[in-house]
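**Student:** Quick note on this note's numbering: the sequence shown kicks off at 1 and runs consecutively.
In case anyone wonders, no lab produced these hints; they're calculated from the structure. Among the clues, some could well be false.
[Unchecked claim] Simulated crosslink set (DSS-like; lysine-lysine; CA at most 25 Å straight-line):
{"#": "1", "residue 1": "K104", "residue 2": "K75"}
{"#": "2", "residue 1": "K6", "residue 2": "K57"}
{"#": "3", "residue 1": "K75", "residue 2": "K19"}
{"#": "4", "residue 1": "K4", "residue 2": "K19"}
{"#": "5", "residue 1": "K61", "residue 2": "K38"}
{"#": "6", "residue 1": "K81", "residue 2": "K70"}
{"#": "7", "residue 1": "K108", "residue 2": "K70"}
{"#": "8", "residue 1": "K38", "residue 2": "K81"}
{"#": "9", "residue 1": "K57", "residue 2": "K19"}
{"#": "10", "residue 1": "K19", "residue 2": "K81"}
{"#": "11", "residue 1": "K57", "residue 2": "K70"}
{"#": "12", "residue 1": "K38", "residue 2": "K6"}
{"#": "13", "residue 1": "K107", "residue 2": "K70"}
{"#": "14", "residue 1": "K75", "residue 2": "K4"}
{"#": "15", "residue 1": "K70", "residue 2": "K104"}
{"#": "16", "residue 1": "K104", "residue 2": "K81"}
{"#": "17", "residue 1": "K57", "residue 2": "K104"}
{"#": "18", "residue 1": "K38", "residue 2": "K19"}
{"#": "19", "residue 1": "K38", "residue 2": "K57"}
{"#": "20", "residue 1": "K57", "residue 2": "K4"}
{"#": "21", "residue 1": "K61", "residue 2": "K19"}
None of these values were measured; they are calculated from a predicted model.
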Amino acid sequence: MSNKEKFYMTTAIAYTSGKPHIGNTYEIILADAIARYKRAEGYDVYFQTGTDEHGQKIQEKAEALGITPKEYVDKVAGDVKDIWDMVNSSYDNFVRTTDQDHEKCVKKIFKKLYDQGDI
């Protein structure tokens, strides 16, 4: 068990309607610099990033290519992750919004909010 102070951070999740752009890459590099700095200061850092894989543009682009939206986002998410790895970013978790674990968590959160009467 660590006695270090915890530091959690996340980036915006890259939208997978196309290849990542320089702004996405700039963000991951800046976030990585903060995560590394905090680790060097002795914090127990948890750094998360990932991709947003839902939307009409994704469906339209997949249809235009004659593939499923899942096939389309698998390719783009792979490109995003490859670039994040190529720049040697130190993320702890790369989450995809199509991951079963992510979907399970979102359902749990929305059920709780619904049960509380907040939505």
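**Student:** Look at each hint and say if it fits the structure.
**Tutor:** Okay, the hints, checked on the actual structure:
no., hint, in the structure
1, K104 <-> K75, "holds, 23 Å"
2, K6 <-> K57, "violated, 37 Å"
3, K75 <-> K19, "holds, 9 Å"
4, K4 <-> K19, "violated, 37 Å"
5, K61 <-> K38, "violated, 39 Å"
6, K81 <-> K70, "holds, 16 Å"
7, K108 <-> K70, "holds, 23 Å"
8, K38 <-> K81, "holds, 23 Å"
9, K57 <-> K19, "holds, 13 Å"
10, K19 <-> K81, "holds, 11 Å"
11, K57 <-> K70, "holds, 13 Å"
12, K38 <-> K6, "holds, 10 Å"
13, K107 <-> K70, "holds, 20 Å"
14, K75 <-> K4, "violated, 38 Å"
15, K70 <-> K104, "holds, 18 Å"
16, K104 <-> K81, "holds, 22 Å"
17, K57 <-> K104, "holds, 24 Å"
18, K38 <-> K19, "violated, 30 Å"
19, K38 <-> K57, "violated, 37 Å"
20, K57 <-> K4, "violated, 43 Å"
21, K61 <-> K19, "holds, 12 Å"
Hints 2, 4, 5, 14, 18, 19, 20, counting from the list given before, are not met by this structure.
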